[in-house]
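Student: Could you slot chain B onto chain A? The hints should help.
As a plain string of letters, each chain reads:
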Amino acid sequence: MGIDSGDGLFAADEQTRKDLDLLKGGIIISPLSKIVDIARKNSLWPMPFGLSCCAIEMMAMVASRYDLARFGAEAMRFTPRQCDLMIVAGTLTRKMAPACKRIYDQMPEPKWVIAMGVCTTTGGMFNAYSVVQGIDHIIPVDVYVPGCPPRPEALIYAVMKIQEQVLQEKVVPWAKRPPHGHYRGRDPRYAGIPVADRGVQVETGDPESRHRPTWRKGFFGG
Amino acid sequence: MEELIGRLRKSNPDAILEVVYYQGETTLVAEAGKAKGLLRSLKDDEGFDYLVDVSSVHWPEEGRMDVVYVARSLKTRDQLRVRAEVPDENPEIETVSDVWRTADWLEREVYDLMGVRFTGHPDLKRIMLPEDFEGHPLRKEYPMEGDDEWRNFLPAENEND
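Line by line, the protein sequences are chains A and B.
Note that our numbering gives residue 166 to position 166 of the first sequence, counting from 1, and the numbers run on in steps of one.
Note that our numbering gives residue 245 to position 23 of the second sequence, counting from 1, and the numbers run on in steps of one.
Worth flagging that the hints you see were computed from the coordinates, not collected in a lab.
None of these values were measured; they are calculated from a predicted model.
Note that beta-carbon positions come from the ideal geometry of N, C-alpha and C, so glycine has one too.
Misleading hints may appear alongside valid ones.
[What the hints assert, rightly or not] For lysine to aspartate or glutamate, the following EDC-like pairs were computed, each having C-alpha atoms within a straight-line distance of at most 20 Å:
1. A:K95 / B:D354
2. A:K95 / B:E356
3. A:K95 / A:D105
4. B:K347 / B:E331
[What the hints assert, rightly or not] Some, not all, of what chain B presents toward chain A, calculated at C-beta under 10 Å:
5. G269
6. M350
7. L351
8. F355
9. G357
10. P359
11. Y364
Same shape as in the complex, but just chain A:
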C-alpha cells in the first residue's frame, strides 16, 4: 500500500514521501517545448519504407545486435498514421514515387525523414529513366545517410541526428506555422504541389538546406 497524504501526491514508501515533501513549494520552470521535445525525442515511431537491400540493414538496426530500442525508436509501425519518422531505405523508382509521397503526406505532423543509402539520396548507380534521382525531389529530407547499403551503426547515427533536431523544435501555435513549401523537385507531375513543410518550426542556419539537391550534373567533375 502506498501513502496518500491527501494533497494529491502519492508515494510508494516513506522515502518517496519525504522526497515529495521536499518538492512541496518548489517549482520546476521549463519551456513547454523543451518538455515536449524530450518526450518526442525519446519516443520516435519510425515508418519503415523499405524498398531494397537497405531495408535489410534497417531490420538489422532494429534487431537485437544493434538494438534501436536503446534510443526509444524501436516501435516500427506499418501505417503512416502512427509514425513520425519515415526511413526511406532503397531505390525509389519512378513508379513507386507517388506511393512514397502519399505515405509521407499521410503521416501526422511533426514528422521527419531519413534518406537511407545512395539510391534514396541521389539515385545512386541507377542513373536511369526509371529511378527518381533522390527522394528530395518529392519529399523534404532531414538526414541523408551515405552508403550502399549503410551499416546499421550509420543509421543509428542518423536517428541520433534526428533526435538532435527534435530537441531544436519549437512548439508554435498551429495557426502560426510557417507557410508550406512548394515542391522543388523535377518530376513534372508534382509541379506546383505544396510539399508539407515541417509541422513545427526548426531553427537551422539555412532553411533551404533540406531541399538542396545533393547531386548535380558535373558534381564529381563528370
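Tutor: Using the frame of chain A, we list chain B on its own:
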C-alpha cells in the same frame, strides 16, 4: 530441322526470307506481313507450343526494328527463333496473342519499352512503366541522360550555384 523448314516453306510460301544458323541456333528471317501465318503454323502444325519470349532490337543506322520471337516445342525440345523486320519509324506488326496467350504480356512489354505497335492486340498499354511515361526508353534515340531524358535530369530551379 531442315525438314521442318522445308515444310514451313511449303505451307507459308514467301514467308521465310532467310535462314541463319549460328552456334547451333536457327533463326528464320520472316517477312513482317507474313510472320503471323508462319508462327501460327509453327504452333498448330509443328508443335511449338511454348512461346519463350518476344523481344525486339533497334538498328538506328539501318532504320529498322527487329521483332524477335523465340518458340520452343516442349515435346521435341526444338527451339526456333523467328525474326521479323519492321521500319523503326512507326513500327507495327500483327499480334500473335491469339496464337499463344502468353504473347499478350510479352508484346505489351515490347510496346512499353520499344514502341512497337501490335495490331489486333486486345489490351495494348504499358505493362511496366507508369502510364503517364513519355517515350519508349529502350529505343536507341532515347537519350541516356540530358534534357530530353525523363525530366528527372532537368536542372532544378535552385540549381544555380
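Student: Indicate, hint by hint, whether the structure satisfies it.
Tutor: Now for the hints, and whether the structure bears them out:
For the hint linking K95 of chain A to D354 of chain B, the alpha-carbon distance of about 10 Å falls within 20 Å, and the restraint holds. A C-alpha spacing of about 13 Å is found between K95 of chain A and E356 of chain B, which places the hinted pair at or below 20 Å, so the restraint holds. This hinted pair checks out: K95 of chain A and D105 of chain A have alpha carbons roughly 17 Å apart, not beyond 20 Å. Between K347 of chain B and E331 of chain B the alpha-carbon distance is near 9 Å, which keeps this suggested pair within the 20 Å criterion.
Annotation: G269 of chain B was flagged as interfacial toward chain A, and the flag is violated, the nearest CB pair being 38 Å apart, outside 10 Å. Hint status for M350 of chain B: holds, given a least beta-carbon distance of 8 Å to chain A, under 10 Å. Interface hint at L351 of chain B: satisfied, since its Cβ lies 7 Å from the closest Cβ of chain A, which is below the 10 Å cut-off. Using the Cβ-Cβ criterion of 10 Å, the hint placing F355 of chain B at the interface with chain A is satisfied: the shortest such distance is roughly 8 Å.
Checking G357 of chain B against chain A by beta carbon gives a least distance of about 8 Å; that is within 10 Å, so the hint holds. With 10 Å as the threshold, the beta carbon of P359 of chain B comes within range of chain A, its nearest partner Cβ sitting at about 4 Å, so the hint holds. This hint holds: Y364 of chain B has a C-beta 7 Å from the nearest C-beta of chain A, less than the 10 Å allowed.
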